[in-house]
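Heads up: the protein sequence lines correspond to chains A and B, in order. According to numbering that gives the first Met the number 0, the first sequence is numbered sequentially starting from 0. According to numbering that gives the first Met the number 0, the second sequence is numbered sequentially starting from 0.
Check the hints yourself; a few may be wrong.
As the list claims (entries may be wrong) - Below, in silico cross-link-like pairs of lysine-lysine (DSBU-like), each with a Cα-Cα straight-line distance of 30 angstroms or less:
1) B:Lys223 - A:Lys62
2) B:Lys223 - A:Lys132
3) A:Lys62 - A:Lys132
Claimed, not checked - Listing some non-contacts, in silico: residues in chain B with all C-beta distances to chain A over 10 angstroms:
4) Arg27
5) Met37
6) Leu42
7) Pro101
8) Gly168
9) Thr205
10) Ala227
11) Val229
12) Glu303
13) Phe314
14) Leu334
15) Ala357
Rather than coming from a laboratory, the hints here were simulated on the basis of the structure. Backbone N, C-alpha and C fix where the C-beta goes; we use that ideal spot for every residue, glycine too.
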Amino acid sequence: MSAALFEVEDLTLSFAGVRALDGVDFTIDEGELFAVIGPNGAGKSTLFNCISGIYRPESGSIKFGGRQLLGSAPHRIASAGIARTFQNVDVFPAMTVEECLLLARHQHLRSGPVASMVRWGRSAREERAALRKVTEVADRLGLGGLLQSTVGTLPHGIQKRVELARSLCMEPRLLLLDEPVAGMNHEETAEMAATLSEVNSDLGVTMLLVEHDMSMVMGISHRVCVLDFGRRIALDTPANVVRDEAVIDAYLGGAL
Amino acid sequence: MSVLTSPPAPRDAATPAPRAQGLLTRGRIGVLLWIAAMVVLPLVLRSELWLGIGILTLIVGVGALGMQVITGLAGQISLGHAFFMGIGAYSSAWLGADKGLPWWLWLPAAGLVAATAGALVAPVAVRIRGLYLAVATLALVFIGLYAWETWTSLSGGVNGRPAAPVLFGDQDLSLGIMAGDQVILDAFQAWWYFALAILLVVMLLTHNLKRSRLGRAFMAVRDKDVAAAVVGVPVTQTKTVAFVISSFFAGISGALLVSYMGYFTPSQWHLMLSVDFIAMIVIGGMGTVSGALLGALFVRAMPEVVNHASGFLPFVRKGTSTDGGITGPLLSGFLYGLVIVLILLFEPNGIRALLLRAWRRLPAPLGSSRERRKTS
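Work out the full structure, taking the sequences as your base and the hints as a guide.
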């Protein structure tokens, strides 16, 4: 295997004495679809918030392409090539789908204040190119007909899709997905799983996935890391994880 | 491959209709009609009172667009607009009247000085939000008032000072434009077209800004700043840029305002002026170009309309009164407050949204001329 794209080492963070993360470590290879699972409160979302710079861990290191990410502002982490989606969809309800996706092109566009207001020459060309890219991503995710719709008026499943499209428009090297199928019905879940697999294999986007839906995780991920009370209790292929004693005790129980 | 090639998400009842077309922002015909009306209006409107109000509305519209950038688009509630307008006014007067520079230098310079002031204030302002930001920017207004009153060599103290004239060659705009002995444009018409030209430029800039990389970043910061940062928008830097652009427009508006009036005093740059601007964008419609202009028209014209109508209303006196009766200005103050409350309660998207609704209900051919005119 090639060198790891993303390395998390000994990550620790407590909230009011509760260890949300306790010495978590794992590495993700380029092109991998890596899943983190665990019961409620296991520290999955905390892990995500540490990676995207919203929380600052007490100790440990997060390296992306060999670069230390700890201490960087969220927008710098984003421009380093890490995009994310949120557990409760975090879209901009007042924007149209098109605006929302164009927004994600922010770091790929260069127009400053004056160029933005004058919209001539390079800045106009840049906008047109961004629009092409956005249309392409929207078509790929089946949102092509909804570009002019206001995001807030769309059903939940579609909003999740918009959020995924938004993070893909950032052209990330690593995509963090926080429960991408939460609140979706069976059909929507299956569609989303297929989409994620395709994005991973066709576009080569490395993915870090946090999810509750076991069958979905086991179906599409290459490796699975299991957290319990902030500690890593297993890290293996899906087939081996489901047979792991500690995992069965802590989490799966009767779920499978 | 099924998902990637499958048709877009099901379009059933849950699929919303596309967004309505804006009056001024999207509808090209609307904009052209509006511009045509604005060009013809000073030629047919013979009332100096209404021409004056029209000119003030056009000038104040520039400032309202500045307010729209910082509050309507970027969501930062600033009460400092009067301060930045004052800076623009004094810079223009110093450069234009004291140093004798032409208007095409003092006008942009006034904007730039105000923008610089905005950039200096921004490092503090972008770190606080909501009410705290409102109070901090409120402090600016009072610091400004003190500065203008004390710095008498610049401001003339409480007595005020003359403003920079707008000269085209040797023709003063405030005296009208002549060709030989022939009057081409009288003073009102000349100022109207001058202010209209500047407003059109600022409208275009704001319109472009709104649908640019920066405009989207402004709206993202306004709606959800954490999510904005995660998609790669640098939040504090974006707010700073919003402050600078807004101050630039405020400076231009302040410079034009005093130049039109010819003479101005420090007390003009009071808190009430900032509040007027907030009222304009709230009443007109937040975050849109046409909303700012409708709001400017409402706030500028309503007192005069009421004062005019007070002659026909029972129990209302025209002008001022000392015996405690209801006067025109008093009534217009009440109505002003009432309209703000009604708009906040029933149509938070402002007059613009009301007009759009009315517009859609009207049969198309009937509405065109009447409704469009109202947007001026």
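Checklist entry - Looking back at the hints listed earlier, which ones does the structure fail to meet? => result 9, 10, 11
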